[in-house]
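Asker: Let's have the full structure, built from the sequences with the hints guiding it.
If you read the sequences in order, they're chains A and B. Position 507 (the first sequence) corresponds to 498 in this note's numbering; numbering is contiguous. Position 74 (the second sequence) corresponds to 65 in this note's numbering; numbering is contiguous.
None of these hints come from the bench; they were simulated from the model. Be careful, since some hints might not be right.
[Said to hold, decoys possible] Lysine-lysine pairs mimicking PhoX-like chemistry, simulated, CA-CA at most 20 Å apart: (1) 524(B) - 530(A); (2) 264(B) - 276(B); (3) 523(A) - 524(B); (4) 523(B) - 530(A); (5) 530(B) - 523(A); (6) 530(B) - 530(A); (7) 523(A) - 523(B); (8) 524(A) - 523(B); (9) 524(A) - 530(B).
Protein chains: 2
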Amino acid sequence: MKFIRVNMTDKSVQNEEVPEKYLGLGGRGLTSIMINHEVPGTCDPLGPENLLIFAPGSLSGTPLVNTSRISVGAKSPFTGTIKESNAGGSIAADLGRLGITAVIVEGKPEENDLSFLKIDAKGHAQLIAANDYRGMRTYECVASIKKEYGQNQTVMCIGPAGEQLMPIASIQATDVDGRPCRAAGRGGLGAVMGAKGLKALIVDPSGKDADAIADPDAFKEAGKAFARVIKADHMAGQVMPAFGTAALVAPVNSLGAFPCFNARKGVMEGWEKISGEAMAEIIKKRGGKTTHMGCSQCIIHCSNEYVDDQGKYITSSLEYETIWASGGMTGIDDLDTIARFDFMCDDIGIDTMNAGVGIAIAMDSGYRSFGDKEALLEMLEEIAKGSEIGKVFGRGPEAVGRHFNNDHVPAVKGQSIAAYDPRGMKGNGVTFATSPMGADHTAGNVVGEYLTNKLDPLAKKGQAAASKNLQVAMAAVDCTGLCFMAATVLENPEAGIAFLKAINAKFGTDFGPDAIPEMGIRVLKAEREFNKKAGFTAKDDRLPRFFYEEPLSPHNTVFDIGDDELDAVHSWS
Amino acid sequence: MKFIRVNMTDKSVQNEEVPEKYLGLGGRGLTSIMINHEVPGTCDPLGPENLLIFAPGSLSGTPLVNTSRISVGAKSPFTGTIKESNAGGSIAADLGRLGITAVIVEGKPEENDLSFLKIDAKGHAQLIAANDYRGMRTYECVASIKKEYGQNQTVMCIGPAGEQLMPIASIQATDVDGRPCRAAGRGGLGAVMGAKGLKALIVDPSGKDADAIADPDAFKEAGKAFARVIKADHMAGQVMPAFGTAALVAPVNSLGAFPCFNARKGVMEGWEKISGEAMAEIIKKRGGKTTHMGCSQCIIHCSNEYVDDQGKYITSSLEYETIWASGGMTGIDDLDTIARFDFMCDDIGIDTMNAGVGIAIAMDSGYRSFGDKEALLEMLEEIAKGSEIGKVFGRGPEAVGRHFNNDHVPAVKGQSIAAYDPRGMKGNGVTFATSPMGADHTAGNVVGEYLTNKLDPLAKKGQAAASKNLQVAMAAVDCTGLCFMAATVLENPEAGIAFLKAINAKFGTDFGPDAIPEMGIRVLKAEREFNKKAGFTAKDDRLPRFFYEEPLSPHNTVFDIGDDELDAVHSWS
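Answerer: This is the structure we're talking about:
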């Protein structure tokens, strides 16, 4: 276990033992607790005082299935809050196998120079000048890196948006096939990477220097049990491999909670054309892959490869939130356009959700028309170029709303909501309002409760409690590297026990079941503490006004969870 | 005494008695206390719940000299705080003479239609459709109104920027010569007027229906004494008529506190070319007016008429803050360009300070070069057109900084500082940080203390106290309609006593000298209370980081007043 600490001001790279206070932490737990300790709350997110921390989950690199999420943390230039954004692919497992607990990037170059941080198979890290890569989009960047340093290299990099310090910039990670199609999309961490002058983190995946597993036999047994539950689970074992996350288009529309036409409606006419079922049919007909392994250790294979009518790769993986942001919100019911949008966002290095929602707001303001497919892709080119209007889109939904004097901006703390309207799925509204990271689709997504009929999405009662429980659970899960799809099975007692056993077997600990929510609460508390230092108050934990005032068809409901209930989500007795 | 209440949703106009709780209030006292009572803190400043209140000072319309300021109040779409912005000209006196305590504009039109509110010589108000005036700049708007309704009409109106809801939009008032060159510039209240669909407030100045003065003889005597002190005062009686407020260019530069080149320096080389002395010389040579009566009741005549080399009117009045914002901040040392900038800002209806500072930030970011005269005026045309880059400028300094990724933005709560660098005049820094209205040049300007050697501008000690006293005094003065220039003599005991006597004689009261600071404190408390409801905390009462970190030449000092001292400014024992 070691930290690699990189100072971009003086270009020094140091290895250090993990300080005692951070021992046992991984993923979001490590990034959030460390940022809360070491980053001044009021600092400029793009200045030298901010840290950009790459931390694989605490179980990443072990043989446990679906533990390939890497957390990237920093003070966000987009929301102004603390932010953790996580991505799949193979880099978490690669770093974990090298025994690297975190890569911590500090300082800021005096000159506007670009570097790579390259970690070799022995875990040695060095900074390499990368000014030749300036302005390069991510697919070309990765291809060039592979040509220069070896085809097997794993990469996490920024595109032109990150270099231009745009608040909606993502950090893109390569999938197991070496394409930069996995995104740490939210919170504008690509802009922090750009401000640090770091174009890419490159990891040689062939090394192995991880700490031994304390009890290998117990670990193996727990891992098998966990994998068995996943395989037997209807959602994780059958629906996800067949349709991917796009499977959600149909049920969320049927519940009337699919925010479309800039969240002016809850059901999209023509949703069938952009559903997971439609997507699977198109991909099958054209010879693409309806199911695909995107991340190391994955046994769910929710990923896909979307191809054009010549069978040529367009993008991987086309996901629910992207289909919503660039399809539902904009009124575009054409999956080919949506797939190209997804590819371009990955290539330019921007979050699909904040980009799509920003464009939807512009359409809603009359700048372009809803349903205009060409406009959608043209706007992305403007962002890449950094034209005047492109910079506005690059700043995200609130900036677009202000630019066009349109206050119908479905965002919290600047960040767009995800594909669940708070008026039609009220628990998701609670999460959007109260998550320490702004509106977020993974911070405590209540959709599973609705789809399994555990909770009425329109009831007032029980929403805040459901959100709170899920925020705690996801904060804990995000420490381990486990992906959201696999985490959905943790409610199954067999899976929960197996997961806890795996943790104990890995670290030689003897945690009881309470340790998991306790970890989640510890993380959330650190995040809230940071936000308080950054100036956030209860008043920031609210949804935009229109969710309280404009009824959403077809149920004609508004968001009506009281401020006291929202404020209680983060009170801990 | 009456209120005219205008509802823009249903186009109703009603007269009402002044409710008891607002009796005796005028100007800023009335706008701020009423907004705090009646406007929800978290409302959308451009939505129907915001009120736009026009309130002449409590002494406006009386024979007391220099009482012609009208306060305009609302929740600001620019700072998000409560805002009072006041303007000179003749409208305050005209409304006061009609016995109109306030015009309160509420609601918001369903359709995007424009109206005039016209008040006739009997004080009757009616809404008139004004869609033909859409897009009209203010000079043309006023000329057309005078043609349509009579040459004597007094007007307060918005230009294209206000119609476009731009956060730096001003409301322009006609001076005694009928030109819309007096601005309620700060806080973007022009955008609130635009959102209300109100193109202009038109007042017939020939009416008279004010309440009688309770003790006319005492009033007359007090008024004479007050006028005598003004005439005898060196600054108000001699410097202001000779050079106007531009007289400050020389001393503020010599103290090293003239923020120039986007506040990167404290002394501008070539300041002599844009000084009050240089301006007076140019105007004299060309046959303009170095001194001029801009406002009703004025005996100071700090105004001027700047003309071109053919003797043709360019603008009135060229003021210190405008010369600084469009000259010092941009490195442009040409008064002709600055005068054209001033005219264009008045004509488009934008605040000269926020416009100039935004352009300076763009220049500092490399978008144009410092000193580029053509670029300065071109940018204004972009704002008027509402082009993409124009909209960015129209949103003010922070938006420009974000657009160009430049965090060297001399603004507090979004609003640009005024022409006194907080590192070279620390008390002004305290006012910028802690005023409930964002950085502001009239909210508690400490410059007089420095010019009269009462306080060392670089000392740490005494700055917070000086700012506090002046914030209280100005909050009280802003209730009465007295202008800032006349208020500077209030420290003279003879003037202070005469002013108090005039108030008592007007209202038949028997206030002691404490009543004035008590009024100021009451107003500030109401403003702070509103801001708290709007979500503001002590963390918002800070200057931008660079003022604390980047030493300002020539004294190489930073702003070093502690947070505890800032927080104590608004604590009242």
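Asker: For each hint, tell me whether it holds in the structure or not.
Answerer: Now the hints, each set against the structure:
no.	hint	verdict
1	524(B) - 530(A)	holds (9 Å)
2	264(B) - 276(B)	holds (15 Å)
3	523(A) - 524(B)	holds (17 Å)
4	523(B) - 530(A)	holds (10 Å)
5	530(B) - 523(A)	holds (10 Å)
6	530(B) - 530(A)	holds (14 Å)
7	523(A) - 523(B)	holds (16 Å)
8	524(A) - 523(B)	holds (17 Å)
9	524(A) - 530(B)	holds (9 Å)
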